[in-house]
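> Here's the letter readout for the chains.
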Amino acid sequence: MHELGITESIVNIALDKAKEVQASKITKINLVIGELSGFVPDCIQFYFDFLSKDSIAEGASLHFELAPAQFRCRSCSTVFCPQNTIWTCPKCQSQSVEIAGGRELYIESIEAK
Amino acid sequence: MRKIEVIQNILEANESIATQNQCLLDKHKVFAINIMSSPGAGKTSLILQTIAKLKNKLRIAVVEGDVASTLDAERVKNEAVAVVQITTRYMSENCTLIANMISHALQSLPLKDIDLLLIENVGNLICPSEFILGEHKRVVISSLPEGDDKPTKYPMIFADADAVVINKIDFLPYVDFDIPSFRNALVSLNPRVKIFEVSCKTGMGIENWCSWLLNEIKANSQKLI
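So the sequences go chain by chain: A and B. Mapping the first sequence onto my numbering, position 84 (from 1) lands on 84, and the numbers just tick up by one. In my numbering, each residue's number is its place in the second sequence (first place is 1) plus 1000.
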C-alpha cells in the first residue's frame, strides 16, 4: 500500500501548482510512471479519488504514461529494451548494463481551468 | 482549459527528508546502513551476527521496520545500544520504511552515543527500492532458498545496492542455487557492488562482511573531517 503516500504527494504537488497559476479547477493530471517502479496505476487512482475529495482536484482524471524499462550498454552506450531475462546488448553483445529508463515517477503536467 | 507543465519528481519530498537525515547522522558521526531483503532472508540474523562481531569496537543501534509485531526488536534489544521499532501497519503513508519514519526514529536515539545504525527495512524487494532513508550504504540480502533469479526479477533494488550479502550459504548442497549465474546477473547490472557469501547460522563469511563495514565507516569518517 505504498501508493497512499505517493498519491498524497501527487495531490499536494497538483494543488500547489494550481494555486501558483490561480486555476480554479484541476481536470486532469498527466503522470509518467516507469515500468520498473513498483507503483500500480489503479491503486493510485483509487486513493486519488478519496484524497482529492472537496478540493479543486476532485473528479480530475489521472492519465498514466508508462515509461518502458530500458537498459544502456556500459561498453557501447546502445540503449535497448530488455527482452525478458536476456540483458545482452544487441549491438556489441556486452552483458554490462545500467538502467536507463523505467524508474520514472513524476507529474508531467496538469490540465486546469 | 489549459495545460500547465509541472515536471516534478513525486518522491522529492521523501528525498529531501532523507538528505536532512543524513546531515543529522553525519553531524553525530553515525554511519547508517539500510538492510533490505525479502521476508526471511536473514536481515535480523545478519544484524545479530554483526553486533556480536563488532560490539567491542563500535556502539551499535538498530531501527527495526516491520509491518506488524515487535518480534525482531525483542531479538536485538539485549545486544544493541538502543533499538527503535517502527511498525508500519500503524502508519497511514506506507508499508515500507520512508525517510520521515527514520527522521522520527532519529529523534528518539542517543545519536552522540552511537557509531553505527543498522536499519532493518520491511521484508520486500520492490517498495524499499523507491525510498531512500538517509543511509550511507544500501545492503541487499539474498538467501539461497529464494533462488538465484532475484537480480533479474527485481533489478532496481540490486542496481542501487552498495553490497549484496548471499546468506544461508550452508544450504548450497540442498538447493539449486547457481552462484555464478546470480553473480553474473548482479554484476552485469551493478559492476561496483561488493558481494559477500555468508551463513548467519554458522558464522561463515561474517568476518569479511564486517571488515568491509569497518572500512566503509572509516572512509566515511575521514570524508567528514
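Some hints could be false.
[Said to hold, decoys possible] Restraint-style ranges between C-beta atoms, simulated for each label pair:
no.: 1; chain 1: B; residue 1: 1107; chain 2: A; residue 2: 59; range: 38 to 44 Å
no.: 2; chain 1: B; residue 1: 1057; chain 2: A; residue 2: 59; range: 56 to 62 Å
no.: 3; chain 1: B; residue 1: 1008; chain 2: A; residue 2: 50; range: 17 to 23 Å
no.: 4; chain 1: A; residue 1: 27; chain 2: B; residue 2: 1218; range: 52 to 58 Å
No lab work stands behind these hints: they were computed from the structure. Positions of the beta carbon are idealized from the N, C-alpha and C atoms, including for glycine.
> It remains to establish, for every hint, whether it holds in the given structure.
Cross-check of the supplied hints:
1. B:1107 - A:59: 38 to 44 Å: Distance hint for residue 1107 (chain B), residue 59 (chain A) holds at roughly 39 Å.
2. B:1057 - A:59: 56 to 62 Å: 59 Å, holds
3. B:1008 - A:50: 17 to 23 Å: For residue 1008 (chain B) and residue 50 (chain A) the Cβ distance comes to about 22 Å; the hint holds.
4. A:27 - B:1218: 52 to 58 Å: 56 Å, holds
Every hint from the earlier list agrees with this structure, and none is contradicted.
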